[in-house]
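A.B. asks: Heads up: the sequence lines are chains A and B, in that order. Throughout the first sequence, residue numbering follows the numbering used here, covering 1 to 310 in sequence. Throughout the second sequence, residue numbering follows the numbering used here, covering 1001 to 1219 in sequence.
Quick caveat, the hints were computed from the structure, so don't treat them as lab data. For each residue, glycine too, the CB sits at the ideal point set by N, CA and C. Accuracy of the hints is not assured; some may be wrong.
[Claimed, not checked] Over the 12 Å line for every Cβ pair with chain B, so calculated as not near, a few chain A residues: (1) Ala43; (2) Trp93; (3) Gln195; (4) Val269; (5) Glu283.
[Stated by the list, open to error] Some chain A residues near chain B, calculated using beta-carbon distances under 10 Å: (6) Glu104; (7) Leu260; (8) Arg297.
[Said to hold, decoys possible] With a straight-line cut-off of 20 Å between C-alpha atoms, the simulated SDA-like cross-links for lysine to any residue are: (9) A:Lys258 to B:Ala1143; (10) A:Lys152 to B:Ala1056; (11) A:Lys132 to A:Lys156; (12) A:Lys80 to A:Met49; (13) A:Lys156 to B:Phe1048; (14) A:Lys258 to B:Gly1049; (15) A:Lys156 to B:Val1162; (16) A:Lys156 to B:Gly1049; (17) A:Lys152 to B:Ala1143; (18) A:Lys132 to B:Gln1052; (19) A:Lys156 to B:Gln1052; (20) A:Lys156 to B:Pro1039.
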Amino acid sequence: MSDLQSQDYVRRSASTLTPPSARSHEDQVAKLIDVSRCIGCKACQSACMEWNDLRPEIGYFEGSYENPMDLGPSVWTLMKFAEHENEQGNLEWLIRKDGCMHCEDPGCLKACPAPGAIVQYANGIVDFISDKCIGCGYCVKGCPFDIPRISKTDHKSYKCTLCSDRVSVGLEPACVKACPTGAIMFGAKTDMQRQAQDRIVDLKSRGFDKAGLYDPPEVGGTHVMYVLHHADRPSLYSGLPDKPRISPVVGAWKGVLKPLALAGIALAVVAGFFHRITAGPNEVTAEDEARGERVLREGGDGETVSEESP
Amino acid sequence: MNRPDNAITRYTTVNRINHWITAACFVLLVLSGLSMFHPMLFFLSGLFGGGQWTRAVHPWIGSVLLLSYLGLIVQFWRENLIHGDDIAWLKSIRRVLANQEAGVPPVGRNNAGQKLVFWSMALLIPVLFFSGLLIWEVYFGAATPIPVQRVAVLVHSLAAIVAIIVWIVHVYAALWIRHSVRAMTQGYVTPGWAWRHHRKWLWALASGRHDRHAPEERP
């Protein structure tokens, strides 16, 4: 959505050259969402709308606390409510703030065909540069978390920017600022990991012996991390992927097929060229014309004509 | 049109119009499709007014191509049915490629190479159309689950690459076999051309037994 500086890019979609990343030092940032401290108040959702000037269409009550029911081009973060009955038969209300995970190895960026429409800054934030977006929806196919949404209004893709505009001037993301319980934290990724470990020790001491940090290594880690009480089963939290990874289908499409396809096309053209300069064109001779004429004149049946050798 | 008296009609006006609509669509699809396939070719999107326009117009051209190629199938399917002759022709493909006409078995209206191009496209174009529908974000973005779309986009790319290679073979063959292009631009060939490249077709025409809409069986 917004643009820091091109010197801060470490990855740039549909680009064959490595981006400059000219700055000498930049801390990797991360947002840490402590699910165990979330009360589901949706202040983060409101703050996101407020800061980013997003006004999703007003929908209908669907029998769920979720409102609206899904992420959208104007809904970049969404509280998802799951009811889970634990082994003791007690109800656990698992509330997760859904949104872009800002993968270290972003599937959206890998899939994007428009140069520079998706970038990753040196601080780890994955951002959509909307004026370069062509609305093809490839990022939707590349994303392992089902996050990007294409607007029906301007046919561009949108998602959480991790408030890259705020972060670039030293502010925390809007959702972090609004959270009343401190369930959302923001800072250097290493600090956030340390913070998470403290929380996990605390949760384990209170009986959640499977508590842990969600920072999936399959996508190189993420710049949005969760503290989960049931880190062994992330899918309990409204379908958070247990092992998110860029689909191998996308990998084949964007990996091996691209050079192979261009090589195949080039080979066909080169083969044609060399056939032309070796075998040469196939010309009709005067003799062919004479024979052809004779066939037409004599109402020629092949039985007699074909006996002659050409 | 500077058409000689002894010219033989190979493609009717309807054949030719239909063919060139198909050809124009195909070329536009290759240019717009490749621009969305490889970053080094993204500049081709400039031909269509930028990335957004390329993305928007590509599926519509594809829809026209499908209809147009259906027209070609209706007109040409019979003469492209595979016969025993085709196997014999394929077996002598080395001589064909070396321009050694002697020893190449005579063929009817189309040789096996032309038939393979025809049937490859008859298969690939519907595959491209239907896989393309699944990834036509504006109208069908929500119609299928994302894993299905991932497979569709891979199938679409693979089929497109094969189609492009088949198309290169088709264009090269038309340039290599001299005066084939005239058959598709002006519609006619000379008796010598027919004798050299499609002798059984010439025989059938000369004996008045040729019916374009019947397979060319020798009695």
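A.B. asks: Now, for every hint given, state plainly whether the structure supports it.
C.D. replies: Evaluation of the provided hints:
1. The Cβ of Ala43 (chain A) lies farther than 12 Å from every Cβ of chain B, with a closest approach of about 30 Å, so its non-interface assignment holds.
2. The non-interface label for Trp93 (chain A) is consistent with chain B: the shortest C-beta to C-beta separation is roughly 28 Å, beyond 12 Å.
3. Separation of Gln195 (chain A) from chain B is adequate, the least Cβ-Cβ distance of about 33 Å exceeding the 12 Å criterion.
4. With a least beta-carbon separation of about 6 Å from chain B, Val269 (chain A) fails to lie farther than 12 Å from that chain, contradicting its non-interface assignment.
5. The claim that Glu283 (chain A) lies off the interface is violated: its Cβ sits roughly 5 Å from the closest Cβ of chain B, which falls inside the 12 Å cut-off.
6. Taking 10 Å as the C-beta contact cut-off toward chain B, the hint placing Glu104 (chain A) at the interface is violated, the least distance being around 21 Å.
7. Contact between Leu260 (chain A) and chain B, as hinted, is supported at the beta carbon level, the nearest pair being about 8 Å apart and thus within 10 Å.
8. The closest approach between the C-beta of Arg297 (chain A) and any C-beta of chain B is roughly 8 Å, which is under the 10 Å cut-off, so the hint is satisfied.
9. At most 20 Å may separate the alpha-carbon atoms for a hinted pair to count; Lys258 (chain A) and Ala1143 (chain B) exceed this at roughly 27 Å.
10. Only pairs whose Cα atoms come within 20 Å are accepted, and Lys152 (chain A) paired with Ala1056 (chain B) is accepted, the gap being roughly 13 Å.
11. This hinted pair checks out: Lys132 (chain A) and Lys156 (chain A) have alpha carbons roughly 9 Å apart, not beyond 20 Å.
12. Among the hinted pairs, Lys80 (chain A) with Met49 (chain A) is consistent with the structure: their alpha-carbon atoms are about 17 Å apart, no more than 20 Å.
13. For the hint pairing Lys156 (chain A) with Phe1048 (chain B), the CA-to-CA distance comes to about 18 Å; that is within 20 Å, so the pair holds.
14. Among the hinted pairs, Lys258 (chain A) with Gly1049 (chain B) is inconsistent with the structure: their alpha-carbon atoms are about 24 Å apart, more than 20 Å.
15. A threshold of 20 Å between alpha carbons decides the hint, and for Lys156 (chain A) with Val1162 (chain B) the separation of about 30 Å lies outside it, so the pair is violated.
16. Between Lys156 (chain A) and Gly1049 (chain B) the CA atoms are separated by roughly 16 Å; this keeps the pair inside 20 Å, and the hint holds.
17. Between Lys152 (chain A) and Ala1143 (chain B) the alpha-carbon distance is near 15 Å, which keeps this suggested pair within the 20 Å criterion.
18. At most 20 Å may separate the alpha-carbon atoms for a hinted pair to count; Lys132 (chain A) and Gln1052 (chain B) meet this at roughly 9 Å.
19. Note on Lys156 (chain A) and Gln1052 (chain B): the hinted pairing holds, with a Cα-Cα distance of about 9 Å set against a maximum of 20 Å.
20. At roughly 19 Å between alpha-carbon atoms, Lys156 (chain A) and Pro1039 (chain B) fall within 20 Å of each other, so this suggested pair holds.
Against the hints set out earlier in the document, violations occur for numbers 4, 5, 6, 9, 14, 15.
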